[in-house]
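These protein sequences, in sequence, are chains G and Y. Counted the way the numbering used here counts, the first sequence spans residues 294 to 706. Counted the way the numbering used here counts, the second sequence spans residues 106 to 531.
Because the hints were derived from the structure by calculation, they are not lab data. Note that this is a predicted model, so its numbers are computed, not measured. One thing to keep in mind: the hints can contain errors.
[To be verified] Restricting the straight-line Cα-Cα distance to at most 25 Å, the calculated cross-link-like pairs of lysine to any residue (SDA-like) are:
hint : chain 1 : residue 1 : chain 2 : residue 2
1    : G       : Lys385    : Y       : Asn467
2    : Y       : Lys264    : G       : Ser423
3    : G       : Lys576    : G       : Gln693
4    : G       : Lys576    : Y       : Lys289
5    : G       : Lys576    : Y       : Asn233
6    : G       : Lys494    : Y       : Asn233
7    : Y       : Lys522    : Y       : Gly408
8    : G       : Lys356    : Y       : Glu458
9    : G       : Lys574    : Y       : Ala249
10   : G       : Lys574    : Y       : Asn244
11   : G       : Lys705    : Y       : Leu251
12   : Y       : Lys129    : Y       : Arg372
13   : G       : Lys443    : G       : Val432
14   : G       : Lys705    : Y       : Lys247
15   : Y       : Lys181    : G       : Gln570
16   : Y       : Lys109    : G       : Ala505
17   : Y       : Lys216    : G       : Val672
18   : Y       : Lys454    : Y       : Gly412
19   : G       : Lys574    : Y       : Glu282
20   : Y       : Lys516    : Y       : Gly267
21   : G       : Lys577    : Y       : Asn244
22   : G       : Lys414    : Y       : Asp356
[What the hints assert, rightly or not] Stretches of chain Y that chain G covers, calculated by requiring three or more beta carbons in the stretch to come under 8 Å of a beta carbon on chain G:
hint : stretch
23   : 108-114
24   : 142-151
25   : 186-197
26   : 236-245
27   : 385-398
28   : 462-476
Backbone N, C-alpha and C fix where the C-beta goes; we use that ideal spot for every residue, glycine too.
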Amino acid sequence: MISFEKFILPNGLRVILHEDLATPLVAINVLYDVGSKDEDPNKTGFAHLFEHLMFGGSVNIPKYDEPLQNVGGQNNAFTNTDITNYYLTLPKENIETGLWLESDRMLGLAFSEKSLNTQRKVVVEEFKQSYLNQPYGDVWLELRKLAFRKHPYRWATIGKTPSHIRNAEMEDVKAFFKKHYNPSNAILSISGNISIKETYKLVEKWFGGISAGEKYNRILDEEPEQISARAKAITKPVPYDALYIAYHSPSRLDKDYYASDLISDVLSNGYSSRLYQSLVKEKKMFSEINAYITGEIELGVFVISGKIAEGVVIEKAEEEIERQLSLLKTKSISKEELSKVKNKIEANHTLNEMNVLNKAMSLAYYELLGDANKINQQVEMYRKVSQKDIKRVAQEIFKQEKANTLYYLSTKE
Amino acid sequence: MKLKREIAPEINEIKNIAFIQHSKFLLSNEIPIYSFKSGTQEITRIEFVFKAGNYFQKAPLYANTTNRLLNEGTNKYNSKQIADIIDFYGAYLELEVDNDNAYITLYSLNKYLDTTLEIMESIIKFSNFPDNELETYLNNKKQAYLISLQKVSHIARRKFAGLIYGETHPYGMQVSENTFDEIKTKNLTDFYKKYYSFNNCYITISGLFPENIYDTINGIFGKDKWGKGNSTDFNKQFNIAEKSTNFIKVDNVMQSSIRVGCHTINRLHKDYIKLVVINTVLGGYFGSRLMSNIREDKGYTYGIGSGVASFQAGGMFYISTDVGAKFTNKAMTEIYKELDLICDKEVSKGELETVKKYIIGNLIRNADGAFAMANIYKTIIDYNLPEDYFNYFISEVNNCSAKELLKIAQKYLSKDKMTELIVGQK
Numbered sequence: 294m295i296s297f298e299k300f301i302l303p304n305g306l307r308v309i310l311h312e313d314l315a316t317p318l319v320a321i322n323v324l325y326d327v328g329s330k331d332e333d334p335n336k337t338g339f340a341h342l343f344e345h346l347m348f349g350g351s352v353n354i355p356k357y358d359e360p361l362q363n364v365g366g367q368n369n370a371f372t373n374t375d376i377t378n379y380y381l382t383l384p385k386e387n388i389e390t391g392l393w394l395e396s397d398r399m400l401g402l403a404f405s406e407k408s409l410n411t412q413r414k415v416v417v418e419e420f421k422q423s424y425l426n427q428p429y430g431d432v433w434l435e436l437r438k439l440a441f442r443k444h445p446y447r448w449a450t451i452g453k454t455p456s457h458i459r460n461a462e463m464e465d466v467k468a469f470f471k472k473h474y475n476p477s478n479a480i481l482s483i484s485g486n487i488s489i490k491e492t493y494k495l496v497e498k499w500f501g502g503i504s505a506g507e508k509y510n511r512i513l514d515e516e517p518e519q520i521s522a523r524a525k526a527i528t529k530p531v532p533y534d535a536l537y538i539a540y541h542s543p544s545r546l547d548k549d550y551y552a553s554d555l556i557s558d559v560l561s562n563g564y565s566s567r568l569y570q571s572l573v574k575e576k577k578m579f580s581e582i583n584a585y586i587t588g589e590i591e592l593g594v595f596v597i598s599g600k601i602a603e604g605v606v607i608e609k610a611e612e613e614i615e616r617q618l619s620l621l622k623t624k625s626i627s628k629e630e631l632s633k634v635k636n637k638i639e640a641n642h643t644l645n646e647m648n649v650l651n652k653a654m655s656l657a658y659y660e661l662l663g664d665a666n667k668i669n670q671q672v673e674m675y676r677k678v679s680q681k682d683i684k685r686v687a688q689e690i691f692k693q694e695k696a697n698t699l700y701y702l703s704t705k706e
Numbered sequence: 106m107k108l109k110r111e112i113a114p115e116i117n118e119i120k121n122i123a124f125i126q127h128s129k130f131l132l133s134n135e136i137p138i139y140s141f142k143s144g145t146q147e148i149t150r151i152e153f154v155f156k157a158g159n160y161f162q163k164a165p166l167y168a169n170t171t172n173r174l175l176n177e178g179t180n181k182y183n184s185k186q187i188a189d190i191i192d193f194y195g196a197y198l199e200l201e202v203d204n205d206n207a208y209i210t211l212y213s214l215n216k217y218l219d220t221t222l223e224i225m226e227s228i229i230k231f232s233n234f235p236d237n238e239l240e241t242y243l244n245n246k247k248q249a250y251l252i253s254l255q256k257v258s259h260i261a262r263r264k265f266a267g268l269i270y271g272e273t274h275p276y277g278m279q280v281s282e283n284t285f286d287e288i289k290t291k292n293l294t295d296f297y298k299k300y301y302s303f304n305n306c307y308i309t310i311s312g313l314f315p316e317n318i319y320d321t322i323n324g325i326f327g328k329d330k331w332g333k334g335n336s337t338d339f340n341k342q343f344n345i346a347e348k349s350t351n352f353i354k355v356d357n358v359m360q361s362s363i364r365v366g367c368h369t370i371n372r373l374h375k376d377y378i379k380l381v382v383i384n385t386v387l388g389g390y391f392g393s394r395l396m397s398n399i400r401e402d403k404g405y406t407y408g409i410g411s412g413v414a415s416f417q418a419g420g421m422f423y424i425s426t427d428v429g430a431k432f433t434n435k436a437m438t439e440i441y442k443e444l445d446l447i448c449d450k451e452v453s454k455g456e457l458e459t460v461k462k463y464i465i466g467n468l469i470r471n472a473d474g475a476f477a478m479a480n481i482y483k484t485i486i487d488y489n490l491p492e493d494y495f496n497y498f499i500s501e502v503n504n505c506s507a508k509e510l511l512k513i514a515q516k517y518l519s520k521d522k523m524t525e526l527i528v529g530q531k
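Use the sequences and the hints to build the structure in full.
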């Protein structure tokens, strides 16, 4: 049970404060409700590039990192399809330095040409390092294109191509900031060794004066219902074939999200899971195999991915996966197996709550989903999922006509 | 009243760091057990540390494979039964090996400790390395290895250890495709018998563990002298490799992976903490010189860093980065420029202050919570350091001067010492 207090400043900034006196640290998390789904299809990768620019100095502070490091702090950020999330931890004595830094970059950026120039290059290198210059690295670029036709989830957060990043202009940067980086579009959560009262005062002091800005009204292209299966084969100089199957699945906000998450655990969480035991250990069709959900807010994706074992034909391996999915659709899961995946969820949740930064991040994220208190209801939501739910949701997700299959073939043969 | 946003809030000194204290006991058979009690969640972390790392292996992957096969079958449970029980009780069992030690770590909800500890007992004391499990494991590892050969950074990391320590040194032994075909069950059972024994390990427990945990653990692990091994030590001498310049050409790559570094002192040396400080200035944090120059100014890379890794048989200093292929030579020039600079000129007062604050802040982060504290405390056990070592570390960091650091840089970071490796294009 995580207790917290929630405030909303007059400018619309949502503030969540959680006191944990056992740690000498404070974590400050600022979540902006903007992700790559909010990008122009011809200027993709921008939300993430923008995240880099947030470290290039703000209106009153030339360098973001230096003052933070000066007080023993550390920070980072990530961008995904839904959100851009900035976080820092620092010794409790210097919490105000953190609030000063975060509030100034919410107020305004320095918008330096030099920073834009450099970060374009840095992000292009990140693009290469994480996606293009490693075996199977571009899978998600391909898989999103295959699984989505209209929805902005059809491109990955890094962008469709490095050229979109190279072409980003200062005008775009300024417009993006104005549109998305407003208090009304942000959630500030703070956890750690704080006094709620004192911290609230400091938050008001540093964030209260930032003007609300225009409220962003999100309208996204809708994804049409998939009516027939899609498949694509690509051949690359990788040593082994790999198989990726993506299905649309319940979004993070859907009541069936929990069942879909448990299904992915039944299939591949831990060494006792079905896919690992049957397809890696017993039948030796795959050298590694995974099932997971993206848990995105607008629409979910359920992915099964595996590297085919030496000497195995990819079609045979695919049949085995289908057999496993069909088992979930036709045979009820045992009570014991369902308890197993639920126990794992509970333990995982407990471990997560031990870390001050995780708590700050989760509180902000659940607030974005509608209510920070959802953090305290998660285990219960999973516990409620029944054996029937598992079967029903598996039937809804794993429909033949809804499969998006990517055959990632080796040039070796 | 208008806020003065251009002025930073006052910096408050961190007066004292309250490290979580531990208790030390000996089991009946004298296995040391260190406990760190703190937290709010009913969950316990139990870790066994054996002196059974790479240092002790006769051929590559012996240490690692032995460790990873521990949970693939015992005299009582087969691989699937172990997985079923661990997963059913929501526990995590982690197996890991580094250059010096082998680790078996259990995270378990307190209410299930009786059952999860029984599994832990079985894999530590009665593991039996079934042939078919070993075969599957090695086939899959071989596949993963062949895939990783397509990543320049993986090739560089593997090769570099060999260049620094020499390929006959256990820290530097090279894996090849054949390695996976050559490992036999007997190699693992021999290694297991020799190194996984009561007199070659210690235990840490952390979290909000139940009161009776010592009795429970003593009952399982403390009663008899299990394992046939002898207490081992880090006393073999090895020839350390000569410095060298190396280029492994890989066609059709977008980035090159770079390593520059040398063999260096470990944590037992009196200069070690100062070396950590000057390394942090050079490449140990986001605001470091290498990051500021090569990423934030030039944009050649997504990231660059340097580090001092301490191992029992000697440390390693390294700079590591992946850069755009067309920037390879330019990045090398800048790396050597930074090495020259750090050996030529004293660090400025402001920069040194920032680095000191950063290092101490980082120590506080790494010590936050019982699990984290148990984790970093292993350094003190492994190197037999005084109990107040972390306070000593803090005062050493705070007291070192720019003048001393310049000498340390000249002594340990001179570019004449450095072995260089480029994997990719230049």
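Results of checking the hints against the structure:
{"no.": "1", "hint": "Lys385/G with Asn467/Y", "verdict": "holds (13 Å)"}
{"no.": "2", "hint": "Lys264/Y with Ser423/G", "verdict": "holds (21 Å)"}
{"no.": "3", "hint": "Lys576/G with Gln693/G", "verdict": "holds (23 Å)"}
{"no.": "4", "hint": "Lys576/G with Lys289/Y", "verdict": "holds (22 Å)"}
{"no.": "5", "hint": "Lys576/G with Asn233/Y", "verdict": "holds (22 Å)"}
{"no.": "6", "hint": "Lys494/G with Asn233/Y", "verdict": "violated (62 Å)"}
{"no.": "7", "hint": "Lys522/Y with Gly408/Y", "verdict": "holds (24 Å)"}
{"no.": "8", "hint": "Lys356/G with Glu458/Y", "verdict": "holds (16 Å)"}
{"no.": "9", "hint": "Lys574/G with Ala249/Y", "verdict": "holds (16 Å)"}
{"no.": "10", "hint": "Lys574/G with Asn244/Y", "verdict": "holds (11 Å)"}
{"no.": "11", "hint": "Lys705/G with Leu251/Y", "verdict": "holds (12 Å)"}
{"no.": "12", "hint": "Lys129/Y with Arg372/Y", "verdict": "holds (23 Å)"}
{"no.": "13", "hint": "Lys443/G with Val432/G", "verdict": "holds (19 Å)"}
{"no.": "14", "hint": "Lys705/G with Lys247/Y", "verdict": "holds (16 Å)"}
{"no.": "15", "hint": "Lys181/Y with Gln570/G", "verdict": "holds (19 Å)"}
{"no.": "16", "hint": "Lys109/Y with Ala505/G", "verdict": "holds (20 Å)"}
{"no.": "17", "hint": "Lys216/Y with Val672/G", "verdict": "holds (17 Å)"}
{"no.": "18", "hint": "Lys454/Y with Gly412/Y", "verdict": "holds (22 Å)"}
{"no.": "19", "hint": "Lys574/G with Glu282/Y", "verdict": "holds (21 Å)"}
{"no.": "20", "hint": "Lys516/Y with Gly267/Y", "verdict": "holds (23 Å)"}
{"no.": "21", "hint": "Lys577/G with Asn244/Y", "verdict": "holds (10 Å)"}
{"no.": "22", "hint": "Lys414/G with Asp356/Y", "verdict": "holds (22 Å)"}
{"no.": "23", "hint": "108-114", "verdict": "holds (count 5)"}
{"no.": "24", "hint": "142-151", "verdict": "holds (count 6)"}
{"no.": "25", "hint": "186-197", "verdict": "holds (count 10)"}
{"no.": "26", "hint": "236-245", "verdict": "holds (count 3)"}
{"no.": "27", "hint": "385-398", "verdict": "holds (count 3)"}
{"no.": "28", "hint": "462-476", "verdict": "holds (count 10)"}
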